[in-house]
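Student: Given the coordinates of chain A, work out where chain B should sit on it, guided by the hints.
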Amino acid sequence: MKLFLKDVVQSYGGLRALDGLDLAVEDTSCLALIGPSGGGKSTTLRLLSGLEAPTSGSIVINGQEIGDDTDRRRRFRKQVGIVFQAYNLFPHLTALANVALPLEKVHGYSTTDAILKSESLFERFQLEDHMMKKPAELSGGQNQRVAIARAIAPDPDIVFLDEPTSALDPEMTAEVLDAIYGLIEGEKRIVIATHQMGFAQRAADTVALIAEGKLVETGPSKQVIETPNTPRAQKFLEACLDR
Amino acid sequence: MSFNSLFLEPRKGNTAKNKSVRKAVSFLVAILTLSIVLFASFATLSYQWNWEAAFRYRLKFLDGWFTTLKISSVSFIFAFVIGSLSTLCSKSRFLPLKYLSLLYVELIRGTPLLVQIFLFYYVIADAANVQNRYVVGVAIMAIFSGAYISEILRAGIESVGRSQLLSAKSIGFTEYQTFRYVIAPQALRSSLPALAGQTANLIKDSSLLSIIAISEFTLNAQEVNAITYSSFESFFPLAIGYLIITLPIMRLSRYIEERLRYDT
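Chains as they are written, first to last, in the working numbering: chain A, 1 to 243; chain B, 1 to 264.
So that you can see chain A by itself, here it is in the shape it has in the complex (with noise of 0.2 Å):
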């Protein structure tokens, strides 16, 4: 996975989320995005997975540029899966029909197919008992896998994740970063936006620490944690140690 950022900028009214961030990232399998809240994670995860398009500046992704064009964005955005914070499922649905409808009406499987492979991906992730309820009937861990089964089902080239883990209990959180290591072990491209520094240094090779709208650090995740160069992540490493 090659990842490409140009002087991107990201305003939303008055307040610039991005500032002028620039990231080379070449022949990584797993990126961990980190850095303070508020800092432009999210917003650069939200941008790399062509959600919105940058106020300016230019990302490319494998030799993709994601512009501004909105229809080239949605094609995008069908080739990668994007998992929320808050798991963002269909309330209406059951588990089962929030992974199966996407892979009917926007990738062309058949009813019957679109089911099958949404039934394995539930067993994959032990969640066959829970096929036929609704997200309002499942706990936060339940309900963050179904979502990535759902990211999954399509089998994109690269799964983009935003602090998947912060809504949830250690318990939970255990289970559903049980789940992110299956997919990294699956081969699977990843970039996350994470607190989780354990996670990201045993997970991620590469480590891009973002702060303040701009990129602070990058480098091999363990060197980037461990011994950090600039004084900014020392700050802000030194920070998550202490707790």
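Derived from the structure by calculation, the hints contain no laboratory data.
Be aware that one or more of the hints could be misleading.
Stated by the list, open to error - Derived CB-CB ranges, DEER-like:
(1) B:E106 x A:D205: 57 to 67 Å
(2) B:L260 x A:R75: 29 to 39 Å
(3) B:P112 x A:G38: 49 to 59 Å
(4) A:E185 x B:V81: 45 to 55 Å
(5) A:D71 x B:E9: 54 to 64 Å
(6) A:D129 x B:Y134: 55 to 65 Å
(7) A:G108 x B:V81: 30 to 40 Å
(8) B:I124 x A:R75: 47 to 57 Å
(9) B:A128 x A:D113: 49 to 59 Å
(10) B:V123 x A:G67: 27 to 37 Å
(11) A:H107 x B:L114: 53 to 63 Å
Unchecked claim - Computed list of chain B residues with no C-beta within reach of chain A, every gap over 10 Å:
(12) Y181
(13) I211
(14) Q222
Cβ atoms here follow ideal geometry from the backbone N, Cα and C, with glycine treated the same way.
Tutor: Using the frame of chain A, we list chain B on its own:
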């Protein structure tokens, strides 16, 4: 069991065995109170009841009741179509449509139905040369109720959260697919209780069509009153006839509301 607790709703989690007894007793008390007030009021009137005269016209009541049911049902279908279209227009990026919908909703909701019936019947329907007053009646009720349904549906659409739209975007849905599979089902569900309420309103409001001589339930009751000089004997069946339709609808609305609370 003390006297007081007989009339108090058990607290949440209380597994009192006499719940249904309490409910029945209290319901009876409520009905009794209401009846006493009613009977006392009528007793002071020293009214000569003449149910026989009204009973002779039972078919006229029945006829009117069915007409009201028919007019309301057909009106509701058209009102729903008009309301949906108006909601779509209000969400349109094409501004003339948006303002058309805004004007329609505000003008209809801001003026009395009575005025609308007169205007529509004597001016618009006349100009359009529509002779059948039942067609005019259905059209008026559909246009009137459509404005309220439009607002109900718009509120329903706006109640669908931003995170749902983002989610739809993330799985690659087109705008149409987002509307069809995410917004519409959720908006419709959250609108159902209000829609049921609006249906009950439409049925009651249709009584005003009596002023343009549509032989619906209310006009027929008025006619029985005029023939037999027995006003209460005409208007009590009228009230009960409306209740027979509206009570189940309002129960249904409650039931849907309870179901939905569990869903989200």
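Student: If a hint holds in the structure, say so; if it doesn't, say that too.
Tutor: Verification of the supplied hints:
no. : hint                        : in the structure
1   : B:E106 x A:D205: 57 to 67 Å : holds (60 Å)
2   : B:L260 x A:R75: 29 to 39 Å  : holds (36 Å)
3   : B:P112 x A:G38: 49 to 59 Å  : holds (53 Å)
4   : A:E185 x B:V81: 45 to 55 Å  : holds (54 Å)
5   : A:D71 x B:E9: 54 to 64 Å    : holds (58 Å)
6   : A:D129 x B:Y134: 55 to 65 Å : holds (56 Å)
7   : A:G108 x B:V81: 30 to 40 Å  : holds (32 Å)
8   : B:I124 x A:R75: 47 to 57 Å  : holds (49 Å)
9   : B:A128 x A:D113: 49 to 59 Å : holds (54 Å)
10  : B:V123 x A:G67: 27 to 37 Å  : violated (55 Å)
11  : A:H107 x B:L114: 53 to 63 Å : holds (56 Å)
12  : Y181                        : violated (6 Å)
13  : I211                        : holds (43 Å)
14  : Q222                        : holds (46 Å)
Of the numbered hints stated above, those contradicted by the structure are hints 10 and 12, listed in ascending order.
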